[in-house]
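*Asks:* The whole structure should be built from the sequences, with the hints applied where relevant.
Chains as they are written, first to last, in this note's numbering: chain C, 68 to 359; chain F, 539 to 780.
Honestly, the hints are just simulated from the structure, not real lab data.
Bear in mind that the values here come from a model prediction, so they are computed numbers and not experimental data.
We treat Cβ as the ideally placed atom computed from N, Cα and C, and that holds for glycine.
Some chain C residues close to chain F (C-beta under 7 angstroms, calculated; not the full set):
#, residue
1, Ala-230
2, Leu-248
3, Gly-249
4, Val-250
5, Asp-251
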Amino acid sequence: MLVQQLANGVFLGAVYALFAIGYTLIFGVLDILNLAHAAIFMLAAFVALSLAGLGVPLVLAFALALVVAGLLGVLLDRVAFAPLRRRNAGTLVPLISSIGAAIIMQGVARGIWGPDEQRFPANALSTAEIHIGSLTVGALDVVILAIALVLMGVLSYVLRSTALGRSIRAVAADRVAAALLGVDIERTIALTFFIASALGGAAGILIGLQYNSVSLDMGARIELKGLAIIILGGMGSVTGAVIGAFLLGAVETLSVAYISSSYRDAIAFGVMFLILVLRPTGLFGKRALRAA
Amino acid sequence: MALLEIENLKAGYGRIEVLHGISLRLEAHTLCAIVGANGAGKTTLLLALSRLIPIREGRVTFDGRDITRASSHSVVRAGLVQVPEGRRMLASMSVEENLQVAGEAAHRGSAGSGVTEMYERFPILGTRRSLAAGSLSGGEQQMLAFARALMARPKALLLDEPSMGLAPKLVETVFEIIAQERARGTSILLVEQNARKALALADYAYVLERGTISLEGKGSELLGREEITAAYLGEITGPSSR
Chain C
68 MLVQQLANGV FLGAVYALFA IGYTLIFGVL DILNLAHAAI FMLAAFVALS LAGLGVPLVL
128 AFALALVVAG LLGVLLDRVA FAPLRRRNAG TLVPLISSIG AAIIMQGVAR GIWGPDEQRF
188 PANALSTAEI HIGSLTVGAL DVVILAIALV LMGVLSYVLR STALGRSIRA VAADRVAAAL
248 LGVDIERTIA LTFFIASALG GAAGILIGLQ YNSVSLDMGA RIELKGLAII ILGGMGSVTG
308 AVIGAFLLGA VETLSVAYIS SSYRDAIAFG VMFLILVLRP TGLFGKRALR AA
Chain F
539 MALLEIENLK AGYGRIEVLH GISLRLEAHT LCAIVGANGA GKTTLLLALS RLIPIREGRV
599 TFDGRDITRA SSHSVVRAGL VQVPEGRRML ASMSVEENLQ VAGEAAHRGS AGSGVTEMYE
659 RFPILGTRRS LAAGSLSGGE QQMLAFARAL MARPKALLLD EPSMGLAPKL VETVFEIIAQ
719 ERARGTSILL VEQNARKALA LADYAYVLER GTISLEGKGS ELLGREEITA AYLGEITGPS
779 SR
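*Replies:* Structure follows, in structure tokens:
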């Protein structure tokens with residue numbers, strides 16, 4: 068029972084992690100919270116669902132929707148953040164403009180896909196189960212977990228060992244120093260938005276697959292969790308976001324199993340609150356993205 | 539034509555204009571010093587040249603190219619590179635990563651052999667390569683700041699107070715590095731609080747006073763002028779030799 072619940076927590080946590088990494092990357096580089104992240108998460112799920120509905124193979128639909136999400140992120144930066152950055156608008160104004168962008172995206176999604184919850188085509192998803200001793204896991208869950216872990220591995224490699232990753236970390240550490248070394252700041256920010264939004268989009272698609280449900284409010288349901296995770300992990304820390312996400316996933320599934328599903332979020336947020344009281348800077352603080 | 543030509547440059551922050559029309563020239567393969575009191579606008583000038591703050595009026599050409607409206611990275615790629623005040627380490631990244639990111643940014647790709655060259659030139663950096671840049675001593679950080687700038691293979695260096703906060707012995711080392719770099723043919727625009735040392739090394743120098751150039755001349759000439767000695771040398775470098 069416990070092992071089963073922990074396994075479920077891992078499946079949930081992996082997707083939370085993908086989502087939260089997007090927040091934390093952008094916060095690390097720009098010191099702003101991108102509150103349109105959840106809208107891109109939702110839009111990507113709808114794009115993947117529509118492509119699957121058109122008969123595009125699921126893997127291809129997933130890949131295309133990631134690219135769409137990434138490009139939406141770049142567009143978001145150009146429209147909602149870059150003009151404010153040029154005017155040195157601080158951190159609060161971009162927060163508001165990202166809320167505006169989220170509302171617009173929400174409206175566009177409603178216009179295109181309508182207000183109702185939607186499901187993937189009936190034959191698109193595997194319902195096979197895998198039994199390991201007393202543990203039962205869905206094949207789909209395993210695939211989702213594998214995709215999430217691979218994406219996180221790729222991100223970790225990019226941040227640690229590539230020129231792009233070094234430039235992202237340099238901009239996060241000290242934008243002026245990076246500019247003086249010749250780092251193209253705007254290009255680096257655009258690529259950060261692409262990566263962050265593609266990961267957020269991936270999370271949206273994977274959650275859509277996991278529950279076989281895509282809806283307009285799916286972003287709103289994960290948004291606060293994502294924010295709580297990055298605060299718990301330490302703002303700007305990728306490692307912190309991943310650990311925070313798995314922690315939240317585990318606490319949620321355990322509280323559903325052992326206490327009550329109606330207290331799930333209350334317990335999850337209560338645990339986070341306790342951790343933050345003990346460690347107000349979060350588990351890792353901002354430095355971890357810079358060190359990656 | 540000079541390597542770097544500044545004509546009537548005006549710049550500032552918000553509503554405040556700090557530089558009220560600066561004109562100066564940095565000839566190729568020379569060292570030009572800018573001295574002046576705190577708040578005279580020395581750092582503002584360098585930030586404007588590195589294109590981190592807008593130039594409101596005037597014109598800057600570097601190596602035959604108008605860079606008045608250029609982006610900060612294109613200026614670096616053109617070969618005009620600044621070593622900023624306070625060194626500005628990418629503190630949590632390793633020494634090697636600091637060098638790599640500089641090389642990759644300036645050459646749009648691989649840092650190539652530059653990193654090894656810098657370890658040969660500054661052996662202490664080689665021994666510290668995997669340490670976080672923030673853990674280095676002040677002198678080591680200044681060396682890394684130089685090495686990072688040299689990764690771009692600059693035609694001209696903008697040095698903002700390179701000896702600031704360093705022990706006297708390390709100040710000597712820093713001025714040795716500057717002299718070496720000039721001997722290699724790099725042009726240098728040097729902003730220094732240590733005016734005596736800067737003027738002694740400079741081919742040409744400008745005195746910046748409240749956002750305008752109040753005096754200019756050969757370094758050795760300015761070093762001999764009484765008003766300079768009184769205003770910028772006496773109190774900074776201790777008892778004057780006069």
